[in-house]
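Chains as they are written, first to last, in my numbering: chain A, 274 to 597; chain B, 274 to 597; chain C, 274 to 597; chain D, 274 to 597.
Hints may be right or wrong, so weigh each one.
Copies of the same chain are indistinguishable here, so a pair counts whether it falls within one copy or spans any two.
Said to hold, decoys possible - Okay, derived cross-link-like pairs now, DSS-like style, lysine-lysine, Cα gap no bigger than 25 Å in a straight line:
1) 352 - 308
2) 509 - 308
3) 596 - 366
4) 366 - 591
5) 563 - 509
6) 563 - 366
7) 563 - 518
8) 431 - 366
Calculated directly from the structure, the hints in this document are not laboratory data.
There are 4 protein chains.
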Amino acid sequence: MNGKIALEEHFAINDTIEDSRVYARPEMWEGLRAKLLDFETERLDQMDEHGVEYAILSLNSPAVQAIFDVPRAIEVARKANDLLAEQIARHPKRFGGFAALPMQDPDAAARELERCVQQLGFHGFLVNGFCQVGSEDRVAYYDGDQYRDFWSVAAALKKPFYMHPRDPLASREPIYDGNPWLCGPTWAFAVETSIHALRLMGSGLFDRHPELQMVLGHLGEGIPFNVWRIDHILRKGRRGMAAEKEIGEYLRSNVHLTTSGNFRAPTLLSSMLEMGSDRIMFSVDYPFEKHADAASWFDTVHISENDRRKIGRDNAIKLFDLKL
Amino acid sequence: MNGKIALEEHFAINDTIEDSRVYARPEMWEGLRAKLLDFETERLDQMDEHGVEYAILSLNSPAVQAIFDVPRAIEVARKANDLLAEQIARHPKRFGGFAALPMQDPDAAARELERCVQQLGFHGFLVNGFCQVGSEDRVAYYDGDQYRDFWSVAAALKKPFYMHPRDPLASREPIYDGNPWLCGPTWAFAVETSIHALRLMGSGLFDRHPELQMVLGHLGEGIPFNVWRIDHILRKGRRGMAAEKEIGEYLRSNVHLTTSGNFRAPTLLSSMLEMGSDRIMFSVDYPFEKHADAASWFDTVHISENDRRKIGRDNAIKLFDLKL
Amino acid sequence: MNGKIALEEHFAINDTIEDSRVYARPEMWEGLRAKLLDFETERLDQMDEHGVEYAILSLNSPAVQAIFDVPRAIEVARKANDLLAEQIARHPKRFGGFAALPMQDPDAAARELERCVQQLGFHGFLVNGFCQVGSEDRVAYYDGDQYRDFWSVAAALKKPFYMHPRDPLASREPIYDGNPWLCGPTWAFAVETSIHALRLMGSGLFDRHPELQMVLGHLGEGIPFNVWRIDHILRKGRRGMAAEKEIGEYLRSNVHLTTSGNFRAPTLLSSMLEMGSDRIMFSVDYPFEKHADAASWFDTVHISENDRRKIGRDNAIKLFDLKL
Amino acid sequence: MNGKIALEEHFAINDTIEDSRVYARPEMWEGLRAKLLDFETERLDQMDEHGVEYAILSLNSPAVQAIFDVPRAIEVARKANDLLAEQIARHPKRFGGFAALPMQDPDAAARELERCVQQLGFHGFLVNGFCQVGSEDRVAYYDGDQYRDFWSVAAALKKPFYMHPRDPLASREPIYDGNPWLCGPTWAFAVETSIHALRLMGSGLFDRHPELQMVLGHLGEGIPFNVWRIDHILRKGRRGMAAEKEIGEYLRSNVHLTTSGNFRAPTLLSSMLEMGSDRIMFSVDYPFEKHADAASWFDTVHISENDRRKIGRDNAIKLFDLKL
Ligand SMILES: [Zn+2]
Ligand SMILES: [Zn+2]
Ligand SMILES: [Zn+2]
Ligand SMILES: [Zn+2]
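Next up, chain A with everything else stripped away, as it sits in the complex (with noise of 0.2 Å):
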């Protein structure tokens, strides 16, 4: 399929760089690096030859949550979204735009935010779960009191923001102790993100924000697949989720999945069939995933060509108000 949009697409500053060499083996590290600096050439090239005419950038993971010291973590992300904003103007058919954003103090990524949209164009802000604030070993979830503000002056520009994955802190994480391998994408990533994403919910942040949406990667990071259940256990006692409705409904409502590093079709099938085929957007992972292996799986995955239309096009258009 042509016109692909795809949502989940990285890039690195040299700041930043250094946190992708653990997602590669040493072999591979010099080309993923290459990739990650590069917007012109290979990006657009592959781009070009899997049918992907737009593509809504955004910064390495962890990157700004990483970087405890919160003057410099806004200096960074301001960094990060004017050389980002450099390549869209020079690409504005190809390229756009989700802020990083300092979360380590809301305030200041509450004015970036404003920055990136109202005067750099961008479609929203993509954030790498947890922010460490002050010491290394201090985070931040986002449902905490301290992001109320930030999250008004969110839901006010009426963007989406895309909840993407971090590793867990090793001084958090115990259970993966000798198991190097279940972290990052394979399972850790999923475990982290979809705990953030249902405390979000949890939170109440739907109910004060109604109109705002949240975009998760990898068709859901396991949530579809269980937010039954989740409902049919809430439904015994809610034991202090402060939200008023059931998950299930806030998923339906105001989450949209991308297909992420996930192509798979029973998990778009079960995805679907809790979501609906309008919450659902094709999206690699790039450079972390190969467009050959995104595209060559959407394209062909059976499901109608009605709904590959609007899950590889028109559902990102129509949420991200693109003018294509």
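Given the coordinates of chain A, assemble chains B, C and D with the ligands onto it according to the supplied hints.
Same frame as chain A, but now just chains B, C and D with the ligands:
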């Protein structure tokens, strides 16, 4: 459907009953307590009413796994197993047993398992996740080297084991801080149990014992939904995973799922498309779940009547070599 | 689900009521007869009880299509449409109308359709398959050249049409000889209607009128299940098919399905995977089918609540531009 | 997947080869003709290239069923079966046989079936729909009383039969007039074959012979998609259906499907949800279909690898008791 067989059905003894209090709202606790301690009245009534002919019973969670005083763990396991054996003897056509094991002492656990299978006629064992050993905060997962001989004994007995959820220790999972609603069956159970199951699969356990069979409840604790992604990532680099094959191969050769507590068609469908209907079995999770919910769903869920008979009954007869 | 809209809901007038006798066992006929002639009592009660807010009504089958005396066909159609218009006027929030048309005379049919849409406010027309023209054995299908102008009129009115089943003439389908149980809705309806629908698609009708929309009941009369095979075969040679595109393209661009009389999840799933959920709509086929059967299935069938709302209501509002 | 087994694979002899000409465009006929007459060159090459280890071969369509001169039908059947037996003897690890039978003479057909099974080692028989008897226009379906003894013989041999499509006689299906593109595998094959299969199921054949097994190609000729509706309608009144059970019960107890010529995932999924994966088997429909199309689809279609092995190989080994 009549003649169903259920596999994740719990009882408690006085020494373990308090472990379940946390899973009931205060006003529901007396009812749950009674149901856990009962064998012959409400339990059999419910089974009769909802077409469950035979149930393999197991101790509540975490029970023995949480008794860090090792001699006491050994004693409580033995007591629970003896009591269960008595009940089975009274209703051999209705009840079977999974052994509770003092995994804190792998040798003792192996001997107790032999006793349960060879003398008491149990169908295998059910373990509630990691065990605490010696002190509250010291935990052991069963991919550890100290369990090598235990697994050899278990495999030689040619009986399956059930990897059942328990909650993580709060000290080891700060991610749930402030969100108690995510603990237990809402979400933490699946996270904890899926990781333990993956650790076993990744450890080479099923390479050493290719006939050994593990049962997972709740339609697979989220693993089938993401198993393609796991193997896709591992194909790029094993990062210390010891096992020889892909996780999906173990899933399709060494794992069975039950429907306990996850009465949802799209999830069942996704699991069937990953595992095939030969490796899925009906279960309730009584008394934490109701027979009425499990059976009214399972008896009408839109799968082939041929699959209903297999999932509802025949697969369990085959796996456990039941004489029904 | 409340607020459902149903699209294949039938009434009869005295001139056509006897056509339905064959579809009821003798002891059931009086009940069916009364239901077909009723508008305001049992019909509205049933709709209320089962959450159907609005029904587009249509004459029973075959009715006008079987009146080979052309002037009488014209007269009966007009009479049925007038009576329907009166009932709609009494309950404009509950009933809409599909025109019955004297297809025996394409010109008269076109004029009656214009009258029904422009003056009576009908939502399109419903046709019970082929018509008999002039004599009992002379039949016409609507891919015939004589219908070219009729279709131009129909397309200009920008209203969908419903291709509804009728039984084939015994003289033309000896394959059912000795097997009356295969006639009617058991099997012959789907065979007859699918072929007529395919003839229309293959005739180039939707090339000439790309905006024209056809509705098929019973989840597509078997076409979605085999549409891939149809196009796969036609790719090897068109063998006289006049249309420019593939059948699957017409199915996805010019056809909508309803659930009338086919309350089955795997069939719905297969249709959704061929058509997408935007082109499927709830219907009952009252009074030949029961609201209780249709609604109890549809309200609980395991699709996304988002799809349930679309299929149950929103798709019909959009297709027929309903003011609800 | 290697080791696949295919069940609807055709050859022709000089006496029957012309029957297939209608199914090829003129410029393709020489190629198709050569493939039908070939056993050892292109056929085995294709099987090797696409991982088909073993094929049960059958005569082309309609062949013997269309020879209304009864003695000649008997003679041609015998000739075809003898030639097939010779080829099987040359490649016993690659080819098996389905008998062609002169159904025009039920006695002769029974005797020829006994000869084929008992002396030639065939796996059952394949019949191309109704036969013409005595004159071009006189047809017989096998639910007729004259076939009672034939079916007793067939059942006693404990071998399955394959109900294969043929085109209806033009004189008996005027509905296709002017639409030749609907004849053959596009649509008429499924209509004709589904009705014949339903006639058999409705006749009580499988009540008299509950072990008898019928194989249907093309994922069931449309029956699984509508089987719920068939039984739903029949529950309101049997209207002369002789059989004791529901059609769905026969489908799940006496029918197996193959994938021949219907390489489509949603259709496979729908059939699996009606029948279970134990009753579906891989097939190509060579040389009317290509091994490349069948295998490239089947080897990658997103079902469990466990189901792929069953559908691709193990189910056929079990059904036909193959020594592979
Ligand atoms: Zn990513
Ligand atoms: Zn349990
Ligand atoms: Zn109808
Ligand atoms: Zn064939």
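Hints versus structure:
Taking CA atoms no more than 25 Å apart as the test, residue 352 paired with residue 308 passes inside one copy only; the shortest distance there is 19 Å, against 62 Å between copies. Within a single copy, residue 509 and residue 308 get their C-alpha atoms only as close as 49 Å, which misses the 25 Å cut-off; across copies the closest is 17 Å, which meets it. In this homomeric assembly, residue 596 and residue 366 come within 25 Å of each other (Cα to Cα) only inside a single copy, at 9 Å, whereas the closest approach across copies is 39 Å. Taking the closest pair of Cα atoms, residue 366 and residue 591 come within 25 Å of each other only inside a single copy of the chain (16 Å); across copies the shortest separation is 32 Å, beyond that limit.
Proximity of residue 563 to residue 509 under the C-alpha cut-off of 25 Å is restricted to the inter-copy arrangement: shortest distance 12 Å between copies versus 44 Å within a copy. Taking CA atoms no more than 25 Å apart as the test, residue 563 paired with residue 366 passes inside one copy only; the shortest distance there is 21 Å, against 42 Å between copies. Taking the shortest alpha-carbon separations for residue 563 and residue 518, only the inter-copy value of 23 Å comes in at or below 25 Å, while the best intra-copy value is 38 Å. Within a single copy, residue 431 and residue 366 get their C-alpha atoms as close as 22 Å, which meets the 25 Å cut-off; across copies the closest is 35 Å, which misses it.
Of the numbered hints given earlier, the model fails none.
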